Structure formats: structure tokens, C-alpha cells
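In the order they appear, the protein sequences are chains A, B, C and D. If you want this note's numbering, it's the position in the first sequence, counting the first as 1, plus 6. If you want this note's numbering, it's the position in the second sequence, counting the first as 1, plus 6. If you want this note's numbering, it's the position in the third sequence, counting the first as 1, plus 6. If you want this note's numbering, it's the position in the fourth sequence, counting the first as 1, plus 6.
Since the hints were derived computationally from the structure, they do not count as laboratory data. You may find that some hints are simply not true.
As the list claims (entries may be wrong) - Output of the computed footprint for chain B on chain D, the stretches with three or more beta carbons under 8 Å from beta carbons of chain B:
1. 259 to 273
2. 277 to 288
3. 317 to 331
What the hints assert, rightly or not - Here are the simulated lysine to aspartate or glutamate pairs, EDC-like style, with alpha carbons at most 20 Å apart:
4. Lys200(D) x Glu264(C)
5. Lys200(C) x Glu290(D)
6. Lys271(C) x Glu254(C)
7. Lys251(D) x Asp292(D)
In this text, all values refer to a predicted model and were calculated from it rather than measured experimentally. For every residue, glycine included, the Cβ atom is placed at its ideal position computed from N, Cα and C.
4 protein chains.
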Amino acid sequence: MEIAIIGASGYTGGELMRLLLNHPSAEVAVATSRRLDGTPVASVHPHLRGLTDLVFRNTEAGDIDADFVFLAVPHTAAMKVAGTLVERGIKAVDLSADYRLPKDVYEKVYGMTHQAYFEAPYGLTELHRDEIRGAHFVANPGCFPTGATLAAAPLAEFAHTIIYDSKTGVSGAGNTPSETTHYPNVGDNFSAYKWTTHRHLAEMRQEIARLGSGARCYFTPHLLPVNRGILTTAHILLSEPMEQKEVEALYRRYYADEFFVRYQKPTLAAVRGTNFCDVAVESEGDRVVAVSVIDNLVKGASGQAIQNMNLMCGFAEDAGLRFAGMLP
Amino acid sequence: MEIAIIGASGYTGGELMRLLLNHPSAEVAVATSRRLDGTPVASVHPHLRGLTDLVFRNTEAGDIDADFVFLAVPHTAAMKVAGTLVERGIKAVDLSADYRLPKDVYEKVYGMTHQAYFEAPYGLTELHRDEIRGAHFVANPGCFPTGATLAAAPLAEFAHTIIYDSKTGVSGAGNTPSETTHYPNVGDNFSAYKWTTHRHLAEMRQEIARLGSGARCYFTPHLLPVNRGILTTAHILLSEPMEQKEVEALYRRYYADEFFVRYQKPTLAAVRGTNFCDVAVESEGDRVVAVSVIDNLVKGASGQAIQNMNLMCGFAEDAGLRFAGMLP
Amino acid sequence: MEIAIIGASGYTGGELMRLLLNHPSAEVAVATSRRLDGTPVASVHPHLRGLTDLVFRNTEAGDIDADFVFLAVPHTAAMKVAGTLVERGIKAVDLSADYRLPKDVYEKVYGMTHQAYFEAPYGLTELHRDEIRGAHFVANPGCFPTGATLAAAPLAEFAHTIIYDSKTGVSGAGNTPSETTHYPNVGDNFSAYKWTTHRHLAEMRQEIARLGSGARCYFTPHLLPVNRGILTTAHILLSEPMEQKEVEALYRRYYADEFFVRYQKPTLAAVRGTNFCDVAVESEGDRVVAVSVIDNLVKGASGQAIQNMNLMCGFAEDAGLRFAGMLP
Amino acid sequence: MEIAIIGASGYTGGELMRLLLNHPSAEVAVATSRRLDGTPVASVHPHLRGLTDLVFRNTEAGDIDADFVFLAVPHTAAMKVAGTLVERGIKAVDLSADYRLPKDVYEKVYGMTHQAYFEAPYGLTELHRDEIRGAHFVANPGCFPTGATLAAAPLAEFAHTIIYDSKTGVSGAGNTPSETTHYPNVGDNFSAYKWTTHRHLAEMRQEIARLGSGARCYFTPHLLPVNRGILTTAHILLSEPMEQKEVEALYRRYYADEFFVRYQKPTLAAVRGTNFCDVAVESEGDRVVAVSVIDNLVKGASGQAIQNMNLMCGFAEDAGLRFAGMLP
């Protein structure tokens, strides 16, 4: 199967190419970039040198010749091409935020009119597998909502309040330099940002509600001096106290059949570079601490996108994604 | 005034010596270490080379000749010498946990019988200045409770629930190598530890109660890949919603006369190496996020100990502590 | 083919298991550890959870049932079992230093008598491929000599002096905590160690001599605040000046057929987790700067060991090793 | 004495203000910035909050009212105002490169015509103290040449070749974000840059020549994932072998009277934030490894500039600079 990546020069584009190198049934045939037309992919992604001969092309969505498309462009750019892909009958996963929320919520959160809205399944694979399997177009979740929701889902119905305190690596900010990503502002340092106003909160609330929970959700992200990974500490306040044994059993059961969700003490390094989400939980009665870790660029973006592609195309769900991260 | 530091080979001992180098009225005359008797201080603390000729001595508390003593030994070691100092009439600040809690709480939290209990003021300077001023022996607070309490104090009476989500640098673990501090386990990594069971929680609850608040307190610490600093994100759930303007004004007023507490967007680097605590606050109605940063070895230990000494001895409270950290 | 790893609890053991998970013709069947007999491998190597059910066993070399053995034990431990493997006709790669040098050099450098010496090919694959192909027992090179030699080899015959200035990540020190690896001693820090006395220099000199060069070799290693990777800056003083064009052409030609050696501007991150060695060169006339990067645990240890196994067993040289690192 | 800093918004400007806060005889009265006219200094340098009320002003050199000026602007900007200061009889230290080299060398190295050349002493204090003492205008050295020259100076006359292999923290690149300083390109990574072409080499060669040495000098810088500090490994090839004892004695003697140069095993952390340069040396006969560490923003820039100001104004050379760095 031939794959096109629209917007392949960024980190998520690079990850898609890295991961698909070892996919048994899919191969990247087209990597687009407006800015880098004609440039070898390996000049921008030096870790791919020797493994791919791809060259960036400035190809329009209407001219792309591929069986499957990943949209790895920013929000608002995705909505400009999504319709074309759907009309042409090309299956696609959109890694941007453009189709993750209902139209009205999107417009409020992103402060703009959505020009090309349609409904799409929300690609948090473990929670929406059936919808994704039959879909032609899937909205890949945000990195924070992926880790946060997997941390809290098993307890959602028992909670009255959930506070997500997340800590992310810097690659989440993309590959464009800024004050925020300037090394001397980040190295050996730590800070919170968008303390109460991060847009991903809308996705988190949506998922908790879909789980049938009325819990109030709050979210504060922080910037870690690490390259990759998100650790989310979900402080879950329960309506009725639960003991550790019970809570842990609940989590183990909930994820028993999930290859990519492992119940073990979470540490960023154990999932780095992989599609795994490690989760564990500790109860002190009325508060439960559930912690999850993911790689923001893999399970939080490109890996989950491939996991969704696998479902949409009838491949094994772990095709191309069954490998260990490196530790240390 | 001549100072003795009992247990001067660790990080807090090193910080005491670094900071006191520039104190106008105090000079370190004795630096004890059982293990390093006869070794020049600068061999262990190379940043002090050229600035001190001190040599570690294995001197017993009963033989120490000094006007003021800092106890920079671990808990249980402090209680073995505290009584001697008190009897000899030597003023002291104890950086260990031995006198921070009532006897019964201490024994429960630390799982042992306290052999030499007496009451001592809790040295969170900004909250207990008057008690400290008249004291002969002060129990210096834990690093986490210092930052956490300063973050939440102004809102304590309005809160029903406070969740402290803290992130600390590795120097908090001391200078003895362990699995926890092994670079490949920490570098480019992040994890939570003692999710619901850290001993410092007892101090946090004690302080919130002393502020007249009935708020429930929870605490989860995390280990950052940085050398120094603690950032605490206090998620404060209010009984009645408060607007941003109101909350911010409350904080600015609360700390208006405090030289060492600054109201500005907290980032570890801005307080690194100093006795400052930077605090700011953001409300989303019923939840307020209050964030504080301190240097765990300075405001969280040696700096606050000197601040307390200054009060106990009638010096200016900021003597020896009035300097900027370095940034970046 | 069934593989046994003797000493599988350390970093190189972990890497062998990680890499062999995706090998088409080899599977790890035995992972020994004296200390951890009965413990699941995933308890020590959490990144392998869900991917292996292996349990550490305390099995003696004489009792191991496998087609191929990796010795991932420290030097002096390897020599105690190497003979047994050879006698039993089991092919093996030794990742320790025990068979890398002639007996007399080894005894001088390592300050001891070699109890069980025999000759073995030196497993720097690109330079000794033919010898390795026919061997039953191969001595895998040290991490520093691998990167350093690949940096200098093309110019060895034209040089009169080669100074290797190497910078390594902390995982090179193994997984046992020490002062050297204590985070606060390494994070945001940098230093040189064994400025003129590192044992790997003997291997470097041996390889330069085998290339027919009479160049004098020097070596100074440094410790980086990074987890993995070695960058070696080889300062090569030439007998006759050479222009940039000429030198670069020489390097490109020398490595033209080598899959694992890529000519591109070296940066640790581009080879992290992989068996690649990136090399480039810049001439200023009589001095040439040649820089190489490798992952110390992969091309510098476990990856090259598998590359050698592939040759020894008639597999494709890149079997199990053909994947990209992650960047960032 | 009143100080003006021209170009006070960058890292060296921030350091000048931090350090001068504790100077007994000098006070910053003017901090200029074209871009930030009217902005409080503490908004840009949050570590200075509470310690200074200064506000950036867009003041021209001709209008500055001060007793002493630091030029903390980039090269080419400094030459536009240097003449004005000299004419007005205001003593100054220029932290840029504009007056470090003879006109012809400068024009060749920086590829431009020098519009306002005059001769100025080179402010490597330890080597040119007498010239500096009497000067009205001093050219502060580059960060790399400072550390490199102090490492090699004692052996310069005995060397035939000196290779400086330097590793710098990221703050050396200034506070403007770029690809080079983007965290994901630097964190957990390492690389060389300007392998043979860094402009600072001209200063290094000049200083070695001034020491009466005919040694050939080479220089390759590298970028460390640390905020501050430069470690230079000087590989010194001697005309005649020298023993360790002899070399070490030479260094200790050479720097015996220098407060800011300490003979001890160099590690970045021990000098971080301070004006110290730690140096040590190890001989293996015909090659000597001399290693130095400095803080690039202090001894490599603002600290040495103040050291020079102290000499130029008749203050104690260590005024305002006599304090320890923090470790860890």
C-alpha cells in the first residue's frame, strides 16, 4: 500500500517515515513540503539517511497518487485539504486538531470559523476501535488528551473531579525555534504554561463525558527539559473511596487485552520512541493518583495514526509498531 | 559571630558555607564530618576552593566552640545532639525533620520513637517570624512543604481541597549515589515517586491547619532531570469561585512586604541559587492554580536556615542572602 | 537460531534483547544473571515488557543450550567461560575486553595475568569482515575504539599524529550507580576523565598499526550529560597537506559500500539507538578534523556484536539492524 | 561610581547587572536597549526582580551620563559608539570583538572594513594586567580564547603544536532563538561546529604568539547540552618531553598569585556563575593535556569585563567578584 504524507518536514512527518520503514504492508511513496520541494528527505531527517531515497515534493492534495494519506500539517491547513481526500475516496488520518471536536466547540476553542466541517471518529484507538475500523477519515487525538484519557478512563465513572497535571517534552512544540524552545530557557529548568487555558482540555472533557462520567476536568501542562514524552499525573477524586487492590485490579482488567497499554510503573524512558502507554495507579482512599506516560510523537501522534491506519485498512493493529523503545 | 556546621560534607552543608562566605556578621569556624576528619573542605566542595581554608573536623557537639550551630545531619542524627546544644545555650537551626512535627505525628510518620523530643518553632520564616525571632532552636522546614505552603497560604482559608503536584531537582536526594540518582535513570527522563506516601505531607497538612483552614491536602512528588529547584503546582479547589483579579490581588497583598517572595511567573531558573520564592496564581473560577518555585537547597534548606539565624540573632533578615541567581 | 546472553541484566544485555526482538533468524532463549535468577527480564528492562516473557536464569556456561552466545559480562569474567564455549563448539561474540589485545598487551594494560588466552578476530566489522566471517569466537571492540578508528581509518596512512578527543554519554559507565554517574555530578556539567590513561587507547593504537600507519595516537575521553552516544573528534596531523575535496572524496570512497557508515555531518541524535556510524571530515591543510558518532551501546557494543553474529552465521549483515533511530 | 551598560537586554548585559549588584563601588545607573525602551529590566531578567528598579532606555552613546561604560552589543555595533566614548573621556570595556585584533586581521577574519579602528589593550587580565591598568578602553576577549589561552599559556614556549578542543554551553549563542539553540536539537545531543573556521582562533593565535611561542594553533568548538560554561581540552605537543611533576609545578607556579585561576581538576559546575578559571594538566611525555573551565558569561565575558574595570578604576581586582559558584 502506498502512503502519502502531507506536511512531511516536521517531527510528526519524520516519525511517520521512521515508523513506516518497517511496516510490512505500507510504504511511503509521497512526502510533501511546500518549502522544501526537491530536497531529499534525509537532509532534513538525517536519521533516515541510507534508509530512504524520498525527496520532498510540493504536491497538491488533488494530485496526490496514494492509497492512504496522513495529514501532518497544522490545524486550519488540514481542513483545506481534508474534503478533497474524502471526495477522491482516499482514506486518511488527520493529525491536526481540525476534526477532533464538534463544529461549535472547535470554533469556540480555536477562535475561528470551521470552513469545511464534517464528522469524523476520534482516533483514541483503545476507546473507539469499532468506529475507527470502518472509517475513511479519522481525527487523530492530541498528545495530551491521549495520555490523560488513558490514565483516567478506567475510573471515570467513579470520579467527581479529575485534575490532569501533565509534563511534556519539548518536541511537542514542533521544530520551529522560539523563545519557548530556546535551550537556555529550558535546559536545567522547568515551568508551567497555559495553566488553565490549553486547548487540549476540550478533548479531555469530551472523552470523559463519552465514558458516561460527569466528572469535572481540569488541566495544567508543564514543559520538561527532555526531548520526548508526556507524563500525566491524573489526580482523581472519587465519589466513594476505593482501596488500592480494587483500583489496581480495575486498571489491569480494563487494559488486559490492549497490547499498547501496559500496567507498570510509568517512566518516560520506557516508552520513548514507541507506541506504548504505560499506566499505573495508587489509591489513598478518596483520591487516586493515576499516572500515564506516552511518547508524544508516537502514541501521542504518528504511532497512534499508524495504529488507526492499521485498523482502517485491515492490517494487524500492531503492524510496524511492535518493537521496544531503548532504555536508557 | 562564629558558626559551626554539624555535618558539613553534604549539599546543605556546602550551601551553608557558600552562602555564609558573604555574610557580613557570621563566619563558619567549624565544619564537622565524621568520615572526612582532616580533609580540606575544598576537596569535597571544589567551588569553595580559594575562598575557604576550612578543614573538616570530627568534633562532638559537646566540644564545639561556636556561637551558632547548623545541624545539617539526617533525621535521627539531629535528635542525638540537639539536646546538648540547647543545654549549652548555643542557638541552633536544625535542617533535619526531627523537630518539625509534634512527637506523636513524628513517630507515626517516621516509624520510630523520638528519643529526645522538645517543642521548637517551625522555621517557615514568612509564616512564623515572631516565634522564630525569640527562639533558641528552630526546626527548618522540609523543602517540599516550604514551596507548597507558600504557594497555597493566601488561599488556604477559601479552599476545601488542595492538591500539591511537585517536581524536584535531583540534589534533593543528597550526594550519595543510588539507583534513583543514576544519570541514565534520570537524564531525558521523568517520573513520579512516593505517589501518595511522601513524609513531607505531614508538614504540609500541619501548616494548612495552622492557617485555620480545613482543606484536605494531597501531595505527589516527581523527579526532574535538573540539578536544583522545586516547582509546586498547587491545584486549589475553592468553596466559592473567585475571579482572577481578586485572587491575584490577594496574593500580591499577602506577600507585599516579603523580600524573598516575589509575585512573578515562576520558572526554576529565576530562583536558582537564591533564597527567593517566586509565586503566581491563575483562577478558572472554582479551581485556582498557584505555582511556586524555590531552590530546594536554598529557600528549601540552607538559605532559609540562614534567614532564620538572622532573625534569631537580630541581624537583617536578608543579611548574606541579598543577591541574584544566575539566568540562564 | 537460539541465542543465549550471559550477563543479560546490564545495558548491553538489554540492548541485545531489544535488538534481537526484530531479528528474522535469531531469538533469545536464555538470559543469564547470577543475581536475578528467577526474575522476569521485563522487571529490570521495563521497555521490554509485553515483548518478551524471558526470565533470568543462573545457568553455567557448560549447561547453556543455545546455538550462539553473547558474553555480556565484565572483563575477567568473560575469560572464565570463553574456553568452555569454544570447546563445546558454540559460536560466540565476547563484548568484554578479554580477547581484544595480544596476551602481553592485555596483561600490561589490564594489570593482570590472562588465565585463558587464545587468539580471536577483532570484531570491528568494517575493517575485519573476512576474518570475522569464518570465526567461531569474536572479540567485540570497545566503544571508544570503534568510533575513533572509523573516524581516522581512511587517513591513517597519511597521518603522523592522531589525537582522539572523545565525548561519551553516561550509559558507557554501566548501570551501577557511582559518584561518576550521580546525576548532580553530571547534569548541566562536563569534564574530562583518564586524560592520558584510558585502556581503550591500546585498541586504538593496534588498529591504526594494522592499517599500516606509523602515526602516533593519543586519546582523551570526556563525560557528557547525555544518556547514549560517543562523538569522537579525531585531530589528524598529516605528513603532507591535503585539500578538503581530496579528503572528503577519500572518505566517501572508503565507506561507499558500508551500509552502517554514513557520510554526513555527525550529531549524536541521528545515530541514537542504531548501529550507524556517521562520519565527516574537514581539512585545513596539514590538520584534518574527522568526526564520528556512534551509539555506544549499539555500534559500540550490542549492535556491532549482532552485526558480527550475522557474518559468523551467514545471515545478511544488516539483519535485525536495519531501522532508523529516532530524532529528536 | 555610576555605570552604563549599552545593550543590556542580552545575557552579558544581564550578567553585568547581576554581578554589579554586589559591587562595593559601582552601581548600574543606565541600561540601554533600543527594542525595550521603557520596559523594566526585571521583565526581561526575572532573576533580578526585587533587586533592581532599572528600566531600559534607548539612550545614544553621546547622551549617556555615566562614569564607566560596558559595551554589550554585537561586533560592528560596538565600533559605532566606541569613538564617542573615547572622545567624551568615559572609560569603557568593549565585550564585542571589534577591538581585539589588529585592523588587518580583524577585517580578514570578520570579512568587512573596520570603520573606526584604534588600538586597545586585550583584556585577558592575567596576561595583560599592566596595560589594562592604565587604559581608558579595553577590548574584552572572546570566551573561547580566554579559557584556551589560560590552559596553554604556561607551556606555550615549550610547544610546537597546540590543538584546542573546546566544548561550550548554549548561552554562548546568545538569547535569540535559532535552529542551533532549539532544545530538541541540543538536548541529550552533542555536535561539533565550525570545525576549522571559528573566528576566535585568530585571538588564540595572537595570544600564543605574544607569549613568544611559535607553536601552531588549531581550534575546534563543540556545543554541549548545558546552559553555561566552556571546557577546553588543550592537546599540547612539546618539542621536548616533560614529566608530570615538572609540568604541574610549572602551572602551579605560573598561576600562584592569581586569585581567579585555581589549579584543580576542572569541571564546569565548580566555576558556574563565577569569574574563576580552573586549570589542571597531565603529561604523557611529548603530549600534555591541559584542561581549563570557565563560565562563558562570567570569566568569558561580563566577569572579566568587571575585573578589567576594577583595574582601570583602581578598585581591588576581585571587587564584586569574590563569591563561590553553586554546586551542584
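Evaluation of the provided hints:
Closer than 8 Å: that is the beta-carbon criterion, and the stretch 259 to 273 of chain D has 5 residues meeting it against chain B, so the requirement of 3 holds. Closer than 8 Å: that is the beta-carbon criterion, and the stretch 277 to 288 of chain D has 6 residues meeting it against chain B, so the requirement of 3 holds. Under the rule that three or more residues need a Cβ within less than 8 Å of chain B, the assignment of the stretch 317 to 331 of chain D holds, with 4 such residues. Distance hint between Lys200(D) and Glu264(C) is unfulfilled; the C-alpha atoms sit about 27 Å from each other, more than 20 Å.
Only pairs whose Cα atoms come within 20 Å are accepted, and Lys200(C) paired with Glu290(D) is accepted, the gap being roughly 12 Å. For a cut-off of 20 Å, the pair hint linking Lys271(C) to Glu254(C) stands: about 12 Å separates their Cα positions. Between the alpha carbons of Lys251(D) and Asp292(D) the distance comes to roughly 14 Å, so the proposed pair stays at or under 20 Å and holds.
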